[in-house]
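Residue numbers (this note's numbering), protein chains in the order written: chain A, 1 to 252; chain B, 1001 to 1377.
Worth flagging that the hints you see were computed from the coordinates, not collected in a lab.
Think of the CB as a built atom: it goes at the ideal place given N, C-alpha and C, for glycine as much as any other residue.
Please note that a few of the clues may not be correct.
Claimed, not checked - Cut-off 25 Å, straight-line C-alpha distance, at most; resulting in silico cross-link-like pairs (DSS-like, lysine-lysine):
#1 Lys1117(B) - Lys1021(B)
#2 Lys1059(B) - Lys1117(B)
#3 Lys1341(B) - Lys1270(B)
#4 Lys39(A) - Lys1366(B)
#5 Lys1341(B) - Lys204(A)
#6 Lys204(A) - Lys1346(B)
#7 Lys1248(B) - Lys1059(B)
#8 Lys1019(B) - Lys1029(B)
#9 Lys1107(B) - Lys1117(B)
Said to hold, decoys possible - Partial chain A-side listing against chain B, Cβ under 10 Å, derived:
#10 Tyr64
#11 Ala67
#12 Leu69
#13 Ala75
#14 Ser76
#15 Glu77
#16 Asp102
#17 Lys104
#18 Arg113
#19 Leu115
#20 Asp116
#21 Ala118
#22 Asp121
#23 Gly146
#24 Gln150
#25 Arg200
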Amino acid sequence: MAVVGLDIGSVAAKGVMLDEGRSHLVLVPTGWSPRDAGKLLIDSLLSRGGCDSDEVENIVTTGYGKAALSYGRAASEIKCHARGIAALCPGVGTIIDIGGQDSKVIIIDERGRVLDFAMNDKCAAGTGRFLQISATALGLDVSELGAAEQVDQNITINSMCTVFAESEIIGLLAQGTDKGGIVAGIHGSVGKRVAAMARRLGIKGQVAFTGGVAMNTGVSRALAEELGCPVMVPPDCQFTGALGAALLAQEG
Amino acid sequence: MTVELLEDFARMREVSIMKIKDAKETGQKVVGVYCAFCPQELVLAAGAIPVSLCGTSEKPIPAAEEVLPRNLCPLIKSSYGFAATDTCPFFHFSDLVVGETTCDGKKKMFELLQNIKPVHVMQLPHLSEVAASTELWIKELRRLRSYLEEQLNTEISDNAIWAAIEQINRETLATKAICDLNQMDPPLLSGLELLTVTFSRHFSNDRADMLGKLEDLEGQARGSEIVASAGRPRVLLTGCPVGIGSEKVIRLVEEAGGAVVAMENCSGYKTLELLCETGGDDPIVALAHKYMRIPCSCMSPNRYRFDLIEKMITDFTIDAVIDLTWQACHTYNIEAYSTGKLAREKEIPFLHLESDYSASDVENIKIRIEALLEMVG
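If we strip away everything but chain B, and leave its shape as in the complex, we get (with noise of 0.2 Å):
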């Protein structure tokens, strides 16, 4: 597909950069958040600008390694790399980070972050199915409530956070409408489009334009004609986050004639059903509500993931699933025979794939899924 809104995605980092660099000279503040447990609405309730900081890229990993140890999750190592260098904007014109107590790894990396940034940790429960883990995280939610207000030197009303619940509800239905657009046969979207689109908008620091952008793509791609992928594989990606310069797994697919129709991931489809509840008295509980319902293979158990993958098989008419775990993960990768096995009680080629940032095992990879591929059909 060729839009030319497709192309704004692909620059909105780039472009992003330059404007938070300007609202920076004005005084706006710049929040920094790794994983999609932050609470966002309240970073656009204190008035500053949200952006994403999970690393995608293999580049700084080999200075991160010089702290960290070598047997990581790229994600992680990554994260911590761009950090380190000061290679990367975003991080260079937050504030303040955001972190979460999703992983071990992510925890402990958090306090070395302490050293070259102010970092405020959430603790995440991870008892998914407890009252006291609700309860615990309301008080988390209250509690990063005042370090921003503390930091920012501003007050949050119950207001704000109402409207920017309205604000990050109207975005994920958007984006939910393009991601659905590959339930058609055939997709509308390649993958690394889809990407694109889902990744980028992370990188965003005009919420408004970025929300427009998101609901005229999805009618200007319902109006393309569609070239590429009829009559391919369709699969479905699930596990570890992918991001830009992590896309590997995508791209293969899609060179060896698969077609990525859908991704169960932190930037695909995970959050995208998770709505934040707006007719209650206290918008605090009702994000903490939305945000424990999240299926991160940290919390336990983790139903909800394996109905959402299920939902998704049938939703996208999916003829085979890769799940893919980066190096070190041991959630995802347990999760990982849980997903093989619903995948062959569907009777639908299922890969589990174990990797990390850097090309050196492509070629091994490239084999299995072009087997995968020929299972289909």
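So here's chain A without its partners, still in its complex pose (with noise of 0.2 Å):
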């Protein structure tokens, strides 16, 4: 029998199936519809897996998106991701994850129990919607910011407001301020922001990031800068969510 863990976030939905020790991966944009994009999940969750609806053991859902889901049981994305980072990387004490819209510092135990949390509040600073609209400032794609950056030339980004880094990008653009540059500084301001969000709950253990984002090896480069340790990136960190909802599915 399999089990399905869906993250549906605010720009990505993910999803995992566990059938018989193999793992599926599906990742499809949101959309306007969580409801549509949950629905397409389990389509190709289950055609990669080569089985029936009916072989779905159990559905646990998690993110934004998963009030629009009228299946599966729900869960907060903070424990899906302390339970999934516990199963990919032990000895993780820390998770710092990073999504579309919002960021948070999760404090685990060895077993992947939540032992205290913190969350950006309504603001875009520090969140991947801080990086997309830098990146469309200087003409590029979200995806390519990481390779784009040039850490020797880096300008600092003093405003913390995603409104009004933007106003500053198009200023420092103006005034012939080299591009890779200007990137290294986004990425300092989000690792600041985030970093210190986690200083304040109290780093315990090693360093895990998680999150679209954690796709952006310069945002990585600077919190592990800001925090003064190493920060592991685990493979498909866009899962890790997803992941722990399927196991907390496997659990029943």
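Take the two lone chains, each set in its own frame, and fit them into one complex as the hints suggest.
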């Protein structure tokens, strides 16, 4: 029998199916309908695993879109990330998760139970949205930011506010400032913001970095610099929430 | 719990409006109060009706923002907005209002409010353990007494103050008895029911009637069948004031499967242990001592708030603590660090929320509340 974990985020919807020791991963854009994204994920996971819907024993859902789904048991993103990381990276005590519209710091014990957590308030600073808007101002795709940074040319971005940072970037470009240096500054800004939240909570054990933004090597570099310790990015870092949900589904 | 008396409390504001209108026509005066620090005993002793004006609705905030900065606490903006738009009947009927220098925002808002209604501002000293503070506060209470006598054209006798002290002490005890029902497991009242009672009582025009209802409700609740809240994580809500209209956190906790069993805030438990001494020679001195003990974050140090939270965690067998700070309330925001420390030392899951009256962050807050409740057990 198979179990499924679905993480319907603000930007991307992620699904993990665990079936007899095999795991299947699917990602689709959430788009405007979390319900359709959920259905698409389930259909793709079933065809990847070559099984029927009646072979799925249990489904756990998480992420902003979970309320739109009429099936499965809901669990918070925080619990799911904790569970996922405990399985992927034993020894991690601190999870930094940066997604499309929020950033979280989660402190866990060795069994993946949440001890404490913090989340950004209603503001896009320190989230994927900040990176996306900054990338657009630079004429880049958000996925190109990591490779585009030039750390030795680093320009400090002073505005924490996404809207003001965008104006600041446009101003810097107008002065002819090097793009790579601006990108390094943008990563530094996210790193600084999120590291402050983590320090307030108190770093415990090793630090893992998850969520879509963890694919950006510039942000993980900046986080490690700000925190003064190594930051590990697990493989398939975008799927830790969905994996955690699937593991919770397996536990029944 | 379904008790008819709860309905009475839910309707109390509405019913009072009509009764206050009638009372005004017979010449009775109405005094608007903004805060738990206002000694309502003096208003009652002057034969006037005290009514609560503290704004708990988002509705008048856009109007307030035409005058006040956007980045100000929603409670102050809401309070001012109601006055500026003349959409609060209790403000409308108030002959005068009494404010206190609790925080900077309110202090300066009251200056602007002077343009709309007569406002008397009491200077609240903030150093809670200094003798000079109590001396000043006694003087401020005497000044309020004279002001009310002059404005309401009446004399406030010591006997009338002692009688009002008795009345408010009884109300406090009766309200505390209702709140304490939730020490039971499962709790007898949901968080929203509890808020309905503790908040609505401040709008009653007829204190004796309201006291009777409080006392009856306790008896009825004890005999009622418990339905909803069994087995839910028991949450203590502390921090900034919450009322009907600004109850989103209570609502979200209960929708997520928790039970707000107790509230350490102004309309909740904050003042319920504070009875006024009745044995002294001077009722003003007795009142001053009572009100100086209110554990508001504007007081420094504010030890009693943390003692109270600690005691409530035990008495109400609390599973999780939520500290709510309204945007730009610096003093509660800073104290949240100490609340968190206290909760963590007791190994109780803790959540600090900074929010306003709008629904814009509901999804974000929901995730945090869900995760907090998952941490229990």
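Now the hints, each set against the structure:
1. Proposed proximity of lysine 1117(B) and lysine 1021(B) is supported: the alpha carbons are some 18 Å apart, at most 25 Å.
2. Among the hinted pairs, lysine 1059(B) with lysine 1117(B) is consistent with the structure: their alpha-carbon atoms are about 21 Å apart, no more than 25 Å.
3. A hinted pair counts as satisfied when its Cα atoms are at most 25 Å apart, and lysine 1341(B) with lysine 1270(B) qualifies at roughly 20 Å.
4. As the CA atoms of lysine 39(A) and lysine 1366(B) are separated by approximately 24 Å, the hinted pair is consistent with the 25 Å bound.
5. Restraint check for lysine 1341(B) and lysine 204(A): the C-alpha separation of about 17 Å stays at or below 25 Å, so the hint holds.
6. Restraint check for lysine 204(A) and lysine 1346(B): the C-alpha separation of about 19 Å stays at or below 25 Å, so the hint holds.
7. For the hint pairing lysine 1248(B) with lysine 1059(B), the CA-to-CA distance comes to about 14 Å; that is within 25 Å, so the pair holds.
8. The hinted pair formed by lysine 1019(B) and lysine 1029(B) meets the criterion: a straight-line CA distance of about 12 Å does not exceed 25 Å.
9. About 15 Å separates the Cα atoms of lysine 1107(B) and lysine 1117(B), which keeps this hinted pair within 25 Å; it holds.
10. At its closest, the beta carbon of tyrosine 64(A) sits 6 Å from a beta carbon of chain B; the interface hint therefore holds under the 10 Å criterion.
11. Given the 10 Å rule on beta carbons, the hint for alanine 67(A) holds: about 9 Å separates it from the nearest Cβ of chain B.
12. Checking leucine 69(A) against chain B: minimum C-beta separation of about 15 Å lies over 10 Å; hint violated.
13. For alanine 75(A), the interface hint holds, since its Cβ comes within 10 Å of a Cβ in chain B; the closest pair sits about 7 Å apart.
14. Proximity of serine 76(A) to chain B holds as hinted, the smallest CB-CB distance being about 4 Å (cut-off 10 Å).
15. About 6 Å separates the beta-carbon of glutamate 77(A) from the nearest beta-carbon of chain B, less than 10 Å, and the hint is met.
16. A distance limit of 10 Å between C-beta atoms decides the matter here; for aspartate 102(A) the minimum to chain B is near 7 Å, and the interface restraint holds.
17. About 9 Å separates the beta-carbon of lysine 104(A) from the nearest beta-carbon of chain B, less than 10 Å, and the hint is met.
18. Given the 10 Å rule on beta carbons, the hint for arginine 113(A) holds: about 8 Å separates it from the nearest Cβ of chain B.
19. With its C-beta approaching chain B no nearer than about 8 Å, leucine 115(A) sits inside the 10 Å limit, and its interface hint holds.
20. For aspartate 116(A), the suggested interface contact is upheld, since its CB lies about 7 Å from the closest CB of chain B, less than 10 Å.
21. Using the Cβ-Cβ criterion of 10 Å, the hint placing alanine 118(A) at the interface with chain B is satisfied: the shortest such distance is roughly 8 Å.
22. Interface hint status for aspartate 121(A): upheld, as the beta-carbon distance to the closest one in chain B is roughly 6 Å, under 10 Å.
23. Annotation: interface hint on glycine 146(A) violated; nearest CB of chain B at approximately 27 Å, more than 10 Å.
24. Interface restraint check for glutamine 150(A): the shortest CB-CB distance to chain B comes to about 34 Å, outside 10 Å, so the restraint is violated.
25. Hint status for arginine 200(A) relative to chain B: holds, with the closest Cβ pair at about 9 Å, below 10 Å.
This entry does not satisfy hints 12, 23, 24, going by the numbered hints stated previously.
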